[in-house]
Amino acid sequence: MANKDGSPKGGASKRIDEPTGTEFVGHEWDGIEELDTPMPRWWVWSYYACIVWAIGYVILYPAWPLLEKGTEGVLGWTSRGQFAAEMQTEADRRAPIVAALASIPIEKLPENAANMREAISGGAAAFKVNCVQCHGAGAAGSKGYPNLNDDDWIWGGDLKAIETTLVHGIRWGGSRETRLSYMPAFGRDGMLTQAQISDVTKHVMSLGENGAANQKGAEIYAAQCASCHGPSGTGDRKLGAPNLADAIWLYGGSRAEIEQQIYAPAHGVMPGWKDRLDPVTITMLAAYIHSRGGGEDFVDRTAKEGAAAIEARPETGAISDEQR
Amino acid sequence: MSSADAIDWTNPAKKQTPPEPGPLYEKRKAVHPQRIDGNFRRFKWLVMLITLGIYYITPWIRWDRGPYAPNQAVLVDLANRRFYMFGIEIWPHEFYYVAGMLIMAGIGLFLVTSAVGRAWCGYSCPQTVWTDLFQHVDRFVDGDRNARMRLDAAPWGPSKIAKRGFKWTIYLFISFWTGGAWIMYFADAPTLTVEFWTGQAATVAYATVAILTATTFILGGFLREQVCIYMCPWPRIQTAMLDEKSLIVTYKDWRGERRGSVKKAAKNPEEYGDCIDCNQCVAVCPTGIDIREGAQIGCITCALCIDACDRVMDEIGRPRGLIDYATLEDCKNEAAGGTPKPILTTLLRPRTLIYLGIWGAIGAAMLFSLGVRSHTELTVEQDRNPPFMLMSNGDVRNAYTVRLRNMESRPRDMEITMSGLAGGLMWSDDMAREKAARSLTRTVSADATRIVRIYVVAPAGTASQPFTFTVTSLDEQREQDTTEARFEAPEGTP
Ligand code: SF4
Ligand code: SF4
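Residue numbers (full-length UniProt numbering), protein chains in the order written: chain A, 1 to 324; chain B, 1 to 494.
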């Protein structure tokens, strides 16, 4: 095939594009042909500059994978090092908050809205690391693991009581001050017959207005149970005896479950955290759990106070509230 | 290709002799546009004055927004995620206004291009404006075209070094000023200026100024038309948006050819056209091209060649408009002896009218929604883990994270009310449950969002059902926003 002007295609005499006077390179796509226009010289210089940059980068930063590990780069940069530096920056930012939380007795914590807020957000993070395994990500617990969102507290639900539970645990061998309570195994140890257990179960269920009263059961209850759970079943927080007259049952509220609990009670164990977490983290955890909606002895922070506390942090300004 | 009727109007250049094989890489050919005066040049001055004026002055305009918001008329407050523009304040969740502005800018570009070609490139593109500015600096320091060409060719000596040093200093000063003005849009301008000169400003401010100084210096001072021809994607896109009805700068070769000097033309008027081959149109072109070779990507449609040629035509007593704004359609008509369409018919045709309509509709819609938008907003997010909670007295509790937005630049009291959900009460995490009620009031700081965790409790036996939260601003505006929420309860609650 020949070109329009009769010269052979390709080869020594290449075709020239008429309007620009530039040679074709010989490629064609759908009738569009490429011209052999020279590159601008600044472009090739930019290209060289990129190469120089790349060489500098390879020298400064980790680059070449070798057999055992990669080259390290003269700057000594590592992603772990960068992470550590960022963690340190965050620790430095939090240092004053941590110091403040360490010096405030936990009962006084709610008096300062900003401190309380920091404690709650710190506690939320610590909860996700240490507590969700038993109490669940939403702190809703499950059978045998108390729900921390509700208002039912076996050992007390103010900040101080929660903190004590966190520090010493429940039935935890690691602390002499641990929360300790045991309920006798009335069935397994032969203290009550099966019929008696059945009767007392009916009575216990009637305490929460869930079933008819039962005379025999009431008598057994008065003799065996009232000393700990109280005559009307409202429990005793000093002894860790659960409230039997409310709607919440740690080991289930069905008749069979209650009978089982009287026959041979299960006793959950919570580890104390005093040896594993620092006091500030425990304080923050207590604040977080207290804030889940069931906290007791609440210090009412009015709307105005809250707003004032927010405005008192000009360095973060309006956004501080967004991040709360 | 011997007869005129076979001319391809998009590229009517002549056949050229094949050159020797060229270099692989080509040095930039210096462009030394000559000073010119005329209608288009004066229009270009005006556009330059306005655009540069807007760019440098805007951050210094003050706008009183009271004690709770910045007093800068135009401010992109990245740290607090707010965008202020005179009386308008844009929040991050209202980013669609910015998107709308970008769409309008895009359609505006389509509109202008389809009507008058690459007018954006020729007059208001920053690269064009700053290149123009730097070319005036060249003229100021080195003199006009001929003097500059002579100086370029001259060997380096004390006078050339001094001139170049002086010129580049001015370049640098302009570049620095350009970078400096940019950062003023992102912080309070007077404060930032003081901080900048006392070494207190953020690193990013210095880095931004350094980068913009460097890019302005290099792109405006040295690369100039190379940016338009090799780096910028717009010429390609804009070329694709032109059609045969768009006005572009055109050399009317059916009138100009064959070129020849005044003398030759006077001797042989039959053989010669109006172009006297004086090269004035090439001399004034800021991208250094010859428009007589036809429409080409290097032409930014600045029309300076029109000014130049019109002067020449005046001098030799020929009608103006040998180089003129014309459409390809007009070209064909005129070459065939017809007359071009009236300008209004050219500008107002279906394509431009459709662009104009879309552009106007988006603008009107945005203005309308800006006008009616509420400065009080509420969003509600329900706790999912757990979805509901049994309280010790058998009540069922749900938890919600409620965000109150106060988009006014003063603190406001806001009342949250619940409706529906018979027997339901609510309280929040900063108050005791005993005070639970059907509504509660919180103060929201100026221009801020406040997050309130709200617990809603309903008596045992309440079924899952929707209900609503309403927020009302407790000021004379009494703005309201309502959101539907859902109350979850255990199935078959006794
Ligand atoms: S050819 Fe004319 S319109 Fe095009 S860039 Fe040059 S001077 Fe401007
Ligand atoms: S300025 Fe006009 S007359 Fe002079 S060369 Fe250009 S087109 Fe021809």
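Everything labelled a hint here was simulated from the structure, so no lab data went into it.
Take these hints with a grain of salt, some might be off.
Dumping the calculated EDC-like pairs for lysine to aspartate or glutamate here, alpha-carbon to alpha-carbon at most 16 Å [stated by the list, open to error]:
1) B:Lys-263 x B:Glu-315
2) A:Lys-274 x A:Glu-209
3) B:Lys-435 x A:Glu-296
4) B:Lys-29 x B:Glu-195
5) B:Lys-167 x B:Asp-188
6) B:Lys-435 x A:Glu-177
Here chain A is said to cover these stretches of chain B; the calculated rule only asks that three of the stretch's residues, wherever they fall, bring their Cβ under 8 Å from a Cβ of chain A [to be verified]:
7) 327 to 333
8) 390 to 396
9) 471 to 477
Quick reminder that beta carbons are idealized off the backbone N, C-alpha and C, glycines included.
Consistency of the hints with the structure:
no., hint, in the structure
1, B:Lys-263 x B:Glu-315, "holds, 14 Å"
2, A:Lys-274 x A:Glu-209, "violated, 40 Å"
3, B:Lys-435 x A:Glu-296, "holds, 13 Å"
4, B:Lys-29 x B:Glu-195, "violated, 43 Å"
5, B:Lys-167 x B:Asp-188, "violated, 32 Å"
6, B:Lys-435 x A:Glu-177, "violated, 36 Å"
7, 327 to 333, "violated (count 0)"
8, 390 to 396, "holds (count 5)"
9, 471 to 477, "violated (count 0)"
Going down the numbered hints, you'll see the structure goes against 2, 4, 5, 6, 7 and 9, while the others check out.
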